[in-house]
Amino acid sequence: MSAAPGVEMRGLAKTYRTGDREIRAVRGIDVSIRPSETVALLGPNGAGKSTTIDMVLGLARPDAGTVSVLGGDPSVAIAAGRIGVMLQTGWLLRDLSVRELVAMMAALYPSPLDVDEVLGLTGLGELAGQRTQKLSGGQAQRVRFAIALVGDPDLLVLDEPTVGMDVESRHAFWTTMREFAARGRTVLFATHYLDEADDFADRAVLMARGSIVADGPPTEIKAMVGSRTIRATLPGVALSELELLPGVARAESRGESVVLACSDSDEAIRALLARFPAARDIEIAGAGLEEAFLQLTGSDADEERAA
Amino acid sequence: MSGRAYIRYELLRTVRNRRYFVLALGFPLVLYFLIAGPNRDQTDLGGSGLSAPLYYMVGLAAFGAMNAMLSIGGRIATERTAGWNRQLRVTPLSPREYFRAKFLTAYMTVLAALALLYLAGAVLGVRLSANEWLSMTGLILVGLIPFGALAILLGHLLTADAIGPAMGGLVAVLAVLGGTWFPITSGVLYDIGRALPSYWLVQASHVALGGGGWGRTGWLVVAGWSVVLGVLAARAYRRDTARV
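Top line first, the protein sequences correspond to chains A and B. Numbering (our numbering) for the first sequence: 1 to 307. Numbering (our numbering) for the second sequence: 308 to 551.
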């Protein structure tokens with residue numbers, strides 16, 4: 001099955017209407033995911049990631065364009081039990097133990113994995129007898145993960161899977177994910193953490209305001225948006241001069257201080273100190289994704305908040 | 308694929324939700340003892356020849372069964388609000404299996420409520436033939452189909468916050484027009500009532516009072532509402548995939 005299709009999105013678009021406002025959540029995107037590829041859908045809140053995932057799963061109907069999942073309509077792949085899904089937050093069904101809930105979901109699939117094996121895999125062994133309504137946010141998230149895995153799907157779709165998890169759970173989560181993907185499964189996950197895309201995905205698709213801004217290996221994306229900023233108090237220096245420094249992409253003034261958006265912050269800081277020894281209160285920070293997107297797209301993302 | 312295991316867990320969690328289960332079962336029971344208890348020795352209610360314990364047991368059977376059936380709407384609305392409905396949509400669970408699970412859960416609650424009520428009736432001296440018990444119960448169960456569809460429909464249309472008051476009002480109206488509390492025997496309300504499934508549910512329970520059951524009109528009304536509400540419920544379920 002080496003030629004088995006993965007996920008194909010062509011010209012996919014979705015607009016939501018709330019009252020008299022229109023929110024163009026997804027504006028005609030093309031994404032092609034090969035089988036056994038792990039792809040991160042990366043973007044800040046409101047970029048259109050969840051809407052895209054809803055369309056891939058058939059939970060939202062596209063206004064334009066087509067989605068093909070595992071060679072056909074999403075509903076066909078879902079009915080065949082070939083997709084495992086972890087949707088964004090929400091509660092679990094209550095009044096069942098963790099084990100019972102996972103077993104209940106396993107019963108819906110044609111060839112599920114062993115429930116206890118999945119509980120072990122997701123670190124839920126000790127919580128198996130616990131009622132679902134008594135779990136912490138991170139624990140509930142792990143149960144959701146177990147539910148996504150238990151059907152032994154060919155395609156795993158995860159919407160912000162690590163939200164609410166502590167560092168340890170997050171680490172364990174990605175370790176399990178890696179094992180699972182290594183079995184040749186296709187994985188599509190949405191995240192707004194650049195590092196998660198970088199550490200885990202073969203490829204990152206960068207979304208901003210409903211469009212795809214970049215699509216490539218995570219390292220490339222990281223180079224694009226993972227730039228650092230240098231902030232320093234430096235009165236009386238022209239911004240144009242600062243922009244000429246090596247490694248500096250753009251300079252802005254904020255009162256007495258300047259903010260340098262860097263393509264190479266190491267080079268930039270050396271040059272800055274060599275040229276302007278008076279610079280003080282220096283801070284170097286990794287730009288958040290949101291900030292990076294603002295730089296990339298050059299405008300405010302607030303108008304499109306369709307998470 | 309085993310829809311059966313899925314249904315088993317659905318039933319298990321219904322029984323475990325004590326507040327829901329106890330209310331659905333206990334409410335008609337408490338009402339019954341409050342109303343029929345003090346009048347237990349009255350053997351000729353309003354010159355009808357019926358004993359008070361029998362008359363009220365039968366009335367509450369229709370009302371309690373309707374209440375228990377409609378209560379699945381509230382559970383559905385809660386599950387939707389929790390995002391569980393969307394989770395189910397991305398599993399191979401078919402709408403048919405989903406509906407079956409919901410109906411079976413509701414019927415289990417209904418049967419438990421009826422059994423308790425019958426037991427309470429027997430304690431207060433109600434005696435019926437096996438045939439009367441069975442035909443009353445059978446007809447009530449059939450008469451509940453439109454209510455199950457209605458509950459699923461509302462569960463998928465309304466949020467958890469809105470469904471409580473909506474159901475409360477609806478139950479009151481359906482119960483009054485159906486003649487649950489007092490018989491309506493003529494006029495516009497009578498005509499309206501006869502077109503409603505609650506009227507025929509009450510008629511179903513009145514089999515135990517020597518009533519004639521449904522006849523052609525009754526079957527047609529119940530079947531009509533079942534089909535119409537069933538189609539609407541299926542449509543509401545299919546459409547209901549958005550984040551709540």
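Because the hints were derived from the structure by calculation, they are not lab data. Mixed in with the good hints, there may be bad ones.
[As the list claims (entries may be wrong)] DEER-style ranges, computed between Cβ atoms:
no.: 1; chain 1: B; residue 1: Asn-324; chain 2: A; residue 2: His-171; range: 28 to 38 Å
no.: 2; chain 1: B; residue 1: Val-538; chain 2: A; residue 2: Asp-73; range: 44 to 54 Å
no.: 3; chain 1: B; residue 1: Arg-326; chain 2: A; residue 2: Ser-32; range: 25 to 35 Å
no.: 4; chain 1: B; residue 1: Asn-324; chain 2: A; residue 2: Asp-73; range: 50 to 60 Å
no.: 5; chain 1: A; residue 1: Ser-136; chain 2: B; residue 2: Asp-498; range: 53 to 63 Å
no.: 6; chain 1: A; residue 1: Gly-137; chain 2: B; residue 2: Ala-469; range: 37 to 47 Å
no.: 7; chain 1: A; residue 1: Gly-137; chain 2: B; residue 2: Asn-324; range: 16 to 26 Å
no.: 8; chain 1: A; residue 1: Arg-61; chain 2: B; residue 2: Arg-434; range: 56 to 66 Å
no.: 9; chain 1: B; residue 1: Asn-324; chain 2: A; residue 2: Glu-220; range: 28 to 38 Å
no.: 10; chain 1: B; residue 1: Asp-498; chain 2: A; residue 2: Val-76; range: 41 to 51 Å
no.: 11; chain 1: B; residue 1: Arg-325; chain 2: A; residue 2: Gly-137; range: 21 to 31 Å
no.: 12; chain 1: A; residue 1: Gln-133; chain 2: B; residue 2: Glu-439; range: 53 to 63 Å
no.: 13; chain 1: B; residue 1: Phe-489; chain 2: A; residue 2: Val-76; range: 46 to 56 Å
no.: 14; chain 1: B; residue 1: Leu-338; chain 2: A; residue 2: Ser-136; range: 38 to 48 Å
By construction, the Cβ of each residue, glycine as well, lies at the ideal position given by its N, Cα and C atoms.
Quick check: does the Cβ-Cβ distance between A:Gly-137 and B:Ala-469 fall within 37 to 47 Å? Since A:Gly-137 and B:Ala-469 have Cβ atoms about 27 Å apart, the given range 37 to 47 Å is violated.
Range agreement (Cβ of A:Asp-73 with Cβ of B:Asn-324, hint 50 to 60 Å): violated (36 Å)
C-beta pair B:Arg-325, A:Gly-137: status relative to the range 21 to 31 Å that was hinted: holds (25 Å)
Beta-carbon spacing of A:Gln-133 to B:Glu-439 - inside the hinted bounds 53 to 63 Å or not: violated (43 Å)
Is the hinted range of 46 to 56 Å satisfied by the C-beta distance from B:Phe-489 to A:Val-76? At roughly 55 Å between Cβ atoms, A:Val-76 and B:Phe-489 fall inside 46 to 56 Å, so the hint holds.
Are B:Arg-326 and A:Ser-32 spaced within 25 to 35 Å by their CB atoms? violated (50 Å)
Check the following: the C-beta atoms of A:Ser-136 and B:Asp-498 are separated by a distance inside 53 to 63 Å. holds (58 Å)
That 28 to 38 Å hint for B:Asn-324 and A:His-171 (C-beta), does it hold up? The hint (28 to 38 Å, Cβ to Cβ) holds, given that B:Asn-324 and A:His-171 are roughly 36 Å apart.
Just tell me: holds or violated, for the beta carbon distance of A:Arg-61 and B:Arg-434 against 56 to 66 Å? Between A:Arg-61 and B:Arg-434, where Cβ atoms are some 59 Å apart, the hint holds.
Take a look at whether the Cβ-Cβ distance between B:Val-538 and A:Asp-73 falls inside 44 to 54 Å. Hint violated: Cβ distance 23 Å, outside 44 to 54 Å.
Between B:Asp-498 and A:Val-76, is the Cβ distance one that fits in 41 to 51 Å? holds (49 Å)
Could one say that the CB atoms of B:Asn-324 and A:Glu-220 fall in the range 28 to 38 Å? The hinted range 28 to 38 Å is violated for B:Asn-324 and A:Glu-220, with Cβ atoms some 52 Å apart.
Comparing the model with each earlier hint shows violations of hints 2, 3, 4, 6, 9, 12; every other hint is respected.
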